Amino acid sequence: MTTLTTNYLTPTGREEAWRFTPLKRLGGMHDGSAIVADRHSLTLAGSKATGVSFELKSSSDAPVLSESDDAIVGRIREAARDVAVLTISANTEVAEPIILKRTPGDVQSAEFARVQIKVENHARATIIVENTGDTHLAEDVEIYVAPGANLTLVSLQEWGAKTVHAGRQHAIVDRDANFKSIVVTIGGSLVRLLPTVEFAGPGASCELFGVYFATSGQFFEHRMFVDHKVPNAKSRVNYKGALAGDQAHTVWIGDVFIRAAAEGTDTYELNRNLLLSDGARADSVPNLEIETGEIVGAGHASTTGRFDDEQLFYLMSRGINLSDARRLVVRGFFNEIISEIGEEEIQVRLMDRIDNELAKAGA
Amino acid sequence: MSTLEIRGLKVSVDTENGAVEILKGVDLTIKSGETHAIMGPNGSGKSTLAYSIAGHPKYNITGGTVTLDGVDVIEMTVDERAKAGLFLAMQYPVEVPGVSVSNFLRTAVTALRGEAPKLRTWVGEVKEAMEALNMDPSFAQRNVNEGFSGGEKKRHEIMQLELLKPKIAILDETDSGLDVDALRIVSEGVNRAKAANNIGVVLITHYTRILRYIQPDFVHVFANGKIVEEGGPELADKLEANGYAEYVSA
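Just so you know, the sequences run in chain order A and B.
Terminal number for the first sequence in my numbering: 363, no gaps in between.
Terminal number for the second sequence in my numbering: 250, no gaps in between.
Looking at chain A on its own, in the form it has when it is part of the complex (with noise of 0.2 Å):
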């Protein structure tokens, strides 16, 4: 074990992407106080598919494939002296999701992890990645899909109540290719994900899903960026967070960049938060920057709210108790993005996790 001793780029918390952070629950990761843990801890589940690859790479045979100012992220790479390369090969189209798992750690230490994900040419698969446990995990994730490839990636932050979690997820999405990627956020004390997309070639495109529930003393931050820097590129994001119980605090930032050279461009994000309790904060910030006029569409919407009575009253006057209507309320308004994972297992233990949640809260 080592500790990171280095200085340059430790947010102080004034600066734009930390300014809603409590930096002094992020265990270190941001300023080089944690001690780096010797552990790999994300396993593949399962038999390996035919044209599936996952293997430990050194750095070296392994460079990163994006650039990045984040600063844990600039502490990953300084830190991380191998990197978990899984691999769909060209033209490889994988029936079954492919389950990754994060084992738990411990939270003395950091695990500062780096993981690339490949989908070749025309290939196509689901990965599922499974978090639980309690540990400290710093993350840089690149993923990269090639020509004509599709990927779908579920990020399943299940952590238990002391994990801190910070880490990006950055999509390079080539011609012609889709990302779909869907976060659910239900677990932890402190996560901030940093779900992001670059399109590398014309007719690309990507669809965002999110949803997280913050009760009492959570903090959880979805920020994502999406670069339109070619041309014919489409883009959608949808996040629905609630939050109930005092400090429960959840940030949602959607930054949509659409350069010069992105005529055509598609796109729209939308972010809804149900603030079920008072005591509670939801942050919502849409931002859309725009260098050309020659697009198809660009918009963007954000709402916080609180249960609406009137579906209330219809629920109750059925028979229904109130804190069961609530909770179809909250299933309802969930649902929408958890049904998009599409492994009926999955979804019923999410749901059962956000109606546990949901009564311990005593909203």
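FYI, nobody ran anything at the bench for these hints, they're computed from the structure.
Treat the hints loosely; a few may be bogus.
[Unchecked claim] Keeping only pairs whose Cα atoms sit at most 20 Å apart, straight-line, the calculated DMTMM-like set for lysine to aspartate or glutamate is:
id	chain 1	residue 1	chain 2	residue 2
1	B	Lys31	B	Glu5
2	A	Lys101	A	Glu344
3	A	Lys57	A	Glu120
4	B	Lys194	B	Asp217
5	B	Lys58	A	Asp309
6	A	Lys180	A	Glu207
7	A	Lys229	A	Asp176
8	A	Lys180	A	Asp227
9	B	Lys58	A	Glu310
10	A	Lys101	A	Asp38
11	B	Lys58	A	Asp308
12	B	Lys194	B	Glu131
13	A	Lys162	A	Asp106
14	B	Lys83	A	Asp324
15	B	Lys83	A	Glu310
In this text the structure is predicted, and so the values were computed from the model without any measurement.
Chain B: place on chain A using the hints.
Quick look at chain B alone, frame taken from chain A:
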């Protein structure tokens, strides 16, 4: 045999200019198997009566009593009223995104019966109720009232009337926005549910056309927050001919 008894009911709503009284002393008694038509011009307070009985939080009861078989309804929560046997078919049923009709109905019937219905018989019950109302089977998988046409919303309300089997049902402008075919199908549903479970029905309507399909035993004319005239079915014919002018000009 059930009796819903409304005595001297006064109801107000809060507005920017303070409380405004909408119901000014309503007396009405509905027994099992009876059909009461409540007719009146827009803004007379008909819907307020319906929502007040169902317990909508917007309406403040400032006087009078509402009892079902002698038990105070006003003290009950909204779900308790439904469990006691009251049902309101709404004029504007509310959308509940992400909640399927099938899930909603199963949750409601479980709450009302106190236990989950046996899956096989329940699926049959729902299928039968949907077929009787000429609804496509895919309807059960759609989200409650989301994207429903006006006619679909009303059929969905009456389907609930048939499945939830209340003692007393208040139908708030169930006829509004329906074409002739839909009106006939919905009316047949009301008649079927009433006959099967001896439901006492309160039919709130602006127009007389639904009374061609659902025969009322009593007609009450509602104006300015109270009942101003009562009679048998012949009163509806008089309203059809003369309108409400004589009641609102007073």
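Tested hints:
1. B/Lys31 / B/Glu5: Judged against 20 Å, a Cα distance of about 9 Å means the pair holds.
2. A/Lys101 / A/Glu344: Answer holds: lysine 101 of chain A to glutamate 344 of chain A is near 18 Å, not above 20 Å.
3. A/Lys57 / A/Glu120: 18 Å, holds
4. B/Lys194 / B/Asp217: Holds, because 13 Å separates the two Cα atoms, which is no more than 20 Å.
5. B/Lys58 / A/Asp309: Between lysine 58 of chain B and aspartate 309 of chain A the Cα gap is close to 10 Å, so the pair holds against 20 Å.
6. A/Lys180 / A/Glu207: 5 Å, holds
7. A/Lys229 / A/Asp176: Holds, at about 14 Å.
8. A/Lys180 / A/Asp227: 15 Å, holds
9. B/Lys58 / A/Glu310: 10 Å, holds
10. A/Lys101 / A/Asp38: Within the cut-off at roughly 17 Å; holds.
11. B/Lys58 / A/Asp308: Roughly 13 Å between the alpha carbons, so the hint for lysine 58 of chain B and aspartate 308 of chain A holds.
12. B/Lys194 / B/Glu131: Holds - the C-alpha atoms of glutamate 131 of chain B and lysine 194 of chain B are around 18 Å apart, at most 20 Å.
13. A/Lys162 / A/Asp106: 9 Å, holds
14. B/Lys83 / A/Asp324: Distance of about 14 Å is within 20 Å: holds.
15. B/Lys83 / A/Glu310: 19 Å, holds
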